[in-house]
Amino acid sequence: MATELEDPIVEAPPTPGLADSTAMGLSRGKRARPLFDPPIVRRAILDSFVKLNPVTLAKNPVMFVVEVGAALTTALMIRTLATSGTGFGFEFQIAAWLWFTVLFANFAEAMAEGRGKAQADSLRKTKTSAEARKLGPNGKIEVVSAATLRKGDVCICEPNDVIPGDGDVIEGIASVDESVITGESAPVIRESGGDRSAVTGGTKVLSDYIKVQITSNPGETFLDRMIALVEGAQRQKTPNEIALNIMIAGLTLIFLLAVVTLAPFAQYSVDAAKAGVVPSVIVLVSLLVCLIPTTVGGLLSAIGIAGMDRVMQHNVLAMSGKAVEAAGDVNTLLLDKTGTITLGNRQAVEFIPADGVSEADLADAAQLSSLADETPEGRSIVVLAKEKYGLRGREIGEHQAEFIAFTAQTRMSGLNYEGLAIRKGAMESIRQHVTEMGGEFPQKMVDVADGISRTGGTPLVVSSNEKVLGVIHLKDIVKGGMRERFAQMRVMGIRTVMITGDNPLTAAAIASEAGVDDFLAQATPRDKLDLIKREQAGGRLVAMTGDGTNDAPALAQADVGVAMNTGTMAAKEAGNMVDLDSNPTKLIEIVAIGKQLLITRGSLTTFSIANDVAKYFAIIPAMFAVTYPSLNRLNIMGLHTPESAILAAVIFNALIIIVLVPLALRGVKYRALSAGALLRRNLLVYGLGGIIVPFPGIWAIDRLLGLLHLA
Amino acid sequence: MTINGWLQIAIFFILIVACAKPLGSFIATIIEGRKNFLTPVLAPVERLIYRLCGVTETEEQHWTRYAGALLAFSLFSAVLLYAIQRLQAWFPFNPQGYGAGNVSPDLGFNTSVSFVTNTNWQSYTPETTLSYFVQMAGLTMHNFTSAAAGLAVAIALVRGFARQSIKTVGNFWVDMTRAVLYVLLPISVIAALVLCSQGAIQNLHPYTVATTLEGAKQTIAQGPVASQEAIKMLGTNGGGFFNANSAHPFENPTPFTNMLQMFLIFLIPGALTYTFGKMVRDTRQGWALFAAMTILWLGGVVVAYHYEQRGTPMLANAGIQMSATDTQTGGNMEGKETRFGIADTALFATVTTDASCGAINGWHDSFTPLGGLVPLFNIELGEVVFGGVGAGLYGMLMFAILAVFIAGLMVGRTPEYLGKKIEQKEVKMAMIAMLVLAASILLFSGASSVIPFAAKGYWNPPGPAAANINNPGAHGLSEILYAYSSGTGNNGSAFAGINANTPWYNVTIGFATLIGRFLMLLPLLAIAGSLAEKKQVPVSAGTFPTHGPLFVGLLVGVVIIVGALTYFPALSLGPIVEHLML
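Line by line, the protein sequences give chains C and W.
First residue of the first sequence: 1, per our numbering; consecutive thereafter.
First residue of the second sequence: 1001, per our numbering; consecutive thereafter.
Just chain C, same shape as in the assembly (with noise of 0.2 Å):
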C-alpha cells in the first residue's frame, strides 16, 4: 500500500488517438532543480552572513537566543584574551561553533529561498520590454509599452508578439505558447468567449491573430504575482508554522531557566562540596545552546518555504503557504468526472449485432459510418473495428460516397455508400429513421440499449437503409489506477466525491468502477457549492479544482481550490492554487505534499527534543567533574575530558543542522499510511533514533577533538 510520493501515485497511461492527454504526469520535474545547485549554493553562502543581522534573526526566537549566546561567548573570548589567555582556545573554538549554528541555521534558510529566487529571476527575464499594440479609441493602432496598459485597454496580438499583460481574448483564435508560465512547450488554443478566453501576459502568439482585454494593471499581473510568490516575497507564517514556533519558542524559555537557575544550584553545591568552581558563563550558554531546539528552529522557515516550493515544482502555483498546509488537511476531495476520473471521452467498447447480422458485419458499418466522424467518440469506433476484426481504414473519396454529417435536427450521422443509407444515431433518431424508411425496430435491440444505458454507458444504433444491424457500446473509461489511488485516500482518511453531470444511474455506475466514495449526479455549479458548504459545517475540509466561471464561487468556498490555467481569469481568482499544467488529478498530489509539509516539521520538532537527552549527558557530568566527581558515573560515552565534553556537543549540535538540510528540503517520505502506522513509524525514526543518534555522534566528535590535540 504504501506509496513514497517521489513516485506520482498515478499517471495516466498515455492512450493514443485522444484529446485529453493534457500533460499528463509530464508535469513533475518539469521545474526540477538539483537540491546543490552550485549557483543557488554560492549565494545561499553568502546570504547566510547578511542574515545574520539581528534585527532579521529576532523573527526566530531560537536562532536568536543562539546569537545572543555566540555574542556573547565572543566577547567573554575577548576578554580572556586580554586578560589571562587561559583557556582561549576552548572559548575560541565554542564561539567558532555557536557562529557556525546561527550560520547553518541561515545557510538552510538561504537554500530554501534560493531555489525560489533562481526560478523569480528566470521568470522576470520575460517581462523585459515588452511592447504593446494598443486599440486606440478611434480604432487606430499605437504601439506603447506593455507597462503602460492598464485595466480594460484592448490590444492587438498577432504571431511572436508577446502578449502584453493578462486579459481575456475577445476576438479571434490563436495558438499560443505558455511556456513561459507553464514549462510546456506545446502551443495551446486561446479563443474569445468560453473558458478558454484568458491569457496571460508574458505568453507568446504563434499564429493568428487575437484582440485581447486586458484585465489587470502594471504590477499586479499573474506573472508579478507568480514571481512574488516564487521568491517568497510576501511569505508569511501559516497557521500550523506560528503553532509550532510559539511551542519552540516556549521550549526555548523553559531551558533558559533550567540553565539559568543551574548557576545558583551549582553555587549552592560548590559551597556544599567545598570543591570545583560554578560553571562559567561560555558554559551555561554552550548547554542552552545545545538544549534548546536549534535543529528545528534553524530548520523551520526552509521546511515552509521548501515546501512551496515542492508545489511549485509540479508546476502548481500556490497562492499562499496557508492553502498548502490546509491542502494535508483536506477531509473530503470533490473530483469532476470528465477529464480527472475518466478519460475525457466516451469510447466504443462493444458490438452488440440485431439477429440475423454478424458482428463483423456490424462492425464493418460502423466503422463506414464513422469514417468521417472527427469527434473522439466516431474515432474510438474505428479504432476497435480495426483492434477486434482487423478492418482497416478504407480510403472513401468524396465521388464514391455521400457523407452525411451530425445535425442537431437528425441527431444521426453516416453516409450513403454503394446504395446503402448507412446510420449511426440515438436510439430514438434511428428508430424514427428505421420506421420511416419502412423498417421495424426489433424489440431485443431496444432491451440492449436500455441495459448499456443502465450500465452508465451510451448505446449508439446502426442501421443499413430500413434495417437494425446492433449497438454500438460507447463507455466512459476510467483512467487508469484510479481505483488504487482512491483505496489509498481512503487508508488518508479522505473521502471522495465524484461530481457529474450526468444523471443518477450513470453516475452510480461510473463511481463504482471508479471506486469513489460518494458522487453528486446532475450537479448545477450551485449544487457544486452547496455540498462544499454542507462538507464544511460538518467540520471538514474541502478540496476542488475546476476552471470555468461558474466554478467561482465554489472554488472561493473551499478550502483548497485548484484553478486550472486553461481555465478563465475568474476562476483562477477564486482559487487558492492554479494548476499550470491544468491536470485535475493533481489534486492528489497536492495533498499529499501539504501532508508531507506538516510531518517534515513533527518529525524534525521530535527529532530535536529527543537529542536533548544525550546531550544532558555528556555536558552535565563535565560541567560539576571536580565539585561531584561521582556524577562522572553519567559520563556513559565515556567523553575524556569536560572541554571536550562540551565541545563535542556543541558541535554535534551544529552539524546536525547541515546533515538535515537535504531532509527538510526535500521533505520527510510521505506514506499513504494509516495515521496510526504512519505516526508508529515517524515516532520510531525520528524519536527513538533523534535519542539515539546523538550518543555515537558526540562520542565521535569528542574522539576526534582527541586526535586533532583541540580538546
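By construction, these hints were calculated from the structure, which means they are not laboratory data.
We put the CB at the ideal spot given by N, CA and C, even for glycine.
Derived CB-CB ranges, DEER-like:
#: 1; chain 1: C; residue 1: 626; chain 2: W; residue 2: 1314; range: 21 to 31 Å
#: 2; chain 1: C; residue 1: 517; chain 2: W; residue 2: 1058; range: 38 to 48 Å
#: 3; chain 1: C; residue 1: 662; chain 2: W; residue 2: 1165; range: 35 to 45 Å
#: 4; chain 1: C; residue 1: 638; chain 2: W; residue 2: 1314; range: 27 to 37 Å
#: 5; chain 1: W; residue 1: 1064; chain 2: C; residue 2: 81; range: 49 to 59 Å
#: 6; chain 1: W; residue 1: 1197; chain 2: C; residue 2: 626; range: 52 to 62 Å
#: 7; chain 1: C; residue 1: 548; chain 2: W; residue 2: 1165; range: 27 to 37 Å
#: 8; chain 1: W; residue 1: 1165; chain 2: C; residue 2: 524; range: 24 to 34 Å
#: 9; chain 1: W; residue 1: 1064; chain 2: C; residue 2: 533; range: 27 to 37 Å
Pairs of lysine to any residue, SDA-like flavour, derived with a Cα cap of 25 Å:
#: 10; chain 1: C; residue 1: 237; chain 2: W; residue 2: 1425
#: 11; chain 1: W; residue 1: 1425; chain 2: C; residue 2: 537
#: 12; chain 1: W; residue 1: 1425; chain 2: C; residue 2: 539
#: 13; chain 1: C; residue 1: 386; chain 2: C; residue 2: 373
#: 14; chain 1: C; residue 1: 322; chain 2: W; residue 2: 1428
#: 15; chain 1: C; residue 1: 322; chain 2: W; residue 2: 1533
#: 16; chain 1: C; residue 1: 533; chain 2: W; residue 2: 1536
#: 17; chain 1: C; residue 1: 533; chain 2: W; residue 2: 1166
#: 18; chain 1: W; residue 1: 1428; chain 2: C; residue 2: 56
#: 19; chain 1: W; residue 1: 1535; chain 2: C; residue 2: 491
#: 20; chain 1: C; residue 1: 669; chain 2: W; residue 2: 1553
#: 21; chain 1: C; residue 1: 151; chain 2: C; residue 2: 213
#: 22; chain 1: C; residue 1: 533; chain 2: W; residue 2: 1541
#: 23; chain 1: W; residue 1: 1456; chain 2: C; residue 2: 271
#: 24; chain 1: C; residue 1: 322; chain 2: W; residue 2: 1539
#: 25; chain 1: W; residue 1: 1428; chain 2: C; residue 2: 320
#: 26; chain 1: C; residue 1: 322; chain 2: W; residue 2: 1540
#: 27; chain 1: W; residue 1: 1428; chain 2: C; residue 2: 57
#: 28; chain 1: C; residue 1: 322; chain 2: W; residue 2: 1536
#: 29; chain 1: W; residue 1: 1167; chain 2: C; residue 2: 536
#: 30; chain 1: W; residue 1: 1535; chain 2: C; residue 2: 537
#: 31; chain 1: W; residue 1: 1425; chain 2: C; residue 2: 57
#: 32; chain 1: W; residue 1: 1167; chain 2: C; residue 2: 537
#: 33; chain 1: W; residue 1: 1425; chain 2: C; residue 2: 256
#: 34; chain 1: W; residue 1: 1425; chain 2: C; residue 2: 253
#: 35; chain 1: C; residue 1: 533; chain 2: W; residue 2: 1164
#: 36; chain 1: C; residue 1: 59; chain 2: W; residue 2: 1432
#: 37; chain 1: C; residue 1: 274; chain 2: W; residue 2: 1313
#: 38; chain 1: C; residue 1: 274; chain 2: W; residue 2: 1499
#: 39; chain 1: C; residue 1: 274; chain 2: W; residue 2: 1455
#: 40; chain 1: W; residue 1: 1167; chain 2: C; residue 2: 540
Given chain C, work out where chain W should sit, using these hints.
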C-alpha cells in the same frame, strides 16, 4: 520486596479500577444535572442553595466569567480563612486557648493561600497552632471547596472537548455546588465513620495530659480528626490535623485505614477519567488516560519500593538487615511507621505525590536518594498521575494537547484531539501553563539556595536562606527543590528537613502555590473556551487514534521527557548525585 507488599499494591490498584466506572458515570450524571439516586434527598438542598445565592441553575458562563467566578470565590475564601486564623481567639471550640500570637501574618497568609489552592502546605504544627474551630470551619471547609473548584475546572475543560460551536463552558457555581453536595459530602461522611470505627478520634475535648510509664508528662492532642481526615484524602488536600499527618495513629490508626486513605486519594481522580470519556462520548478516551496514569504510577511505585527495600550501603555497613524476613521488613525503615512497613510507605509516598494530595505516612526526607526522587519527580511532572481532584485530569489533558500537537504533525494533519483542532491558541496556553510552573519551581528554588539575609532582618534568620535546611550537601538541595515543587504543584507534602516557617519561605512558598494553581487554571480555562467554540472534525482513517496503546505510550513519553528535560540539571545536583555518592 515481599509478596505481601506486592499484594497490597495490587489490591489497591484493583480497588481503583473497580470504582472508576461506577463513580465516573455517577459524576457525569450529577454534573449534567440528571436524576440520580441522591436526587430525592439532595435536590431540594441544591435548589435552596441556588435560591439563597441568587444563582440561576441554567445560566451558562463564558470561560472568562467562569474564571472570574472562580477567582472571586478563591479570593473571598482566602481572605476569610486568613481572618479566621488571626481572630481564632474570638471563636469557640478553642480549648487550648490559641490566639493571634500563634499565627503570624506571614504564616496566616501561607496557610490561607495554601488551603485555598488545594495545596495544604503546612509551615506550622497544627496541634500547637490552631483551634478546633479553625480546623473545622476554616481548613476542613476549604478541603471541600478547593477540591470542588478543581473538579469544576476539569469539567469545564472536558466540556470544551465535548461541545461544539458554543461560547460557554458551564456555570462555576452550579458545578461547585454539585461537586460538594453529591460527590464530596456523601463519600466523606461514610469514610469518616469508617475511620472512626478503626480508632481515628472525633471529639472537641481539651488535650489530655498523661503520665507515661517512665513517669514523664505527655500532652496528647485531641480533636475532630476523622471528619477532616476523610476529606483531606478524598479531596487530595493532604493537610494533616496533626503535624505527623497520616503517620499519626489518631489520623491513620491501622493498615486498613492506610489502604482506605490511599484509596480515597485516587478514588475521584481515577473516576474522572471515566467521566471524561463519558462526556466526550467515547469511554475509550478516558481509559487511555487512565492507562497512561497507571503506567506512570506503577513506575513510581516500583522504583520507590525497590530503593527503599534495598536500603543504602551505609545502613548495610551498620549491620542492618536489608532483605525482608518473616519478622522484619528489612531495608530503609528510617522515618517509616512499623505498622505500615516499606511497601505501604513507598506506595503511600508515590500515591500522595502522583495526586496533589500531600498527606504523608512516613518522612520522605528519610527515603533513600532515589526513593525520595520518586515523590519529588512526581510533583515536578505536574501531578498528572491521577493527580488532584480535577487538577490531575486537566493537567493530563494539557499534556495530551502537547503530545497530540507534535504527534499530529507527524501524521501530516493539523493536530486534533477528540475532533478539536489544536491550534495556536491551545498551544500557546498550554506552553504558558508549563512555563509558569517550571519558572516558579526553578526560580524560587534557585533563589533560596543562594540568597543571603542580613544580620537583623525580618525575612529570615541571618545568613543564607539555605541555612534553614538541616542536611547540607546534595540532600539539602533536594529539600529546597521539594519545598517549592510541592508548593507550585499544589501538593503540600514536605520533604521536611527544612525550617520553612520564616517570612521568606512562608511568603515565597505561598506565592508558589498561587502561581501553581491560578496561572495554570486560567490558561486551561482559556483552552476550554476556545475548544468549545470549535467545530468537531469527524473521525476518519487520517485521524490519529487517541485511544490506543500508541497514544498511551506517547503521552507517557511526553510527560516524562518534558519533566526530565526541565528538571534534570537541578535533580542531577540533588537526589541523583546523592545516589551516585552512596
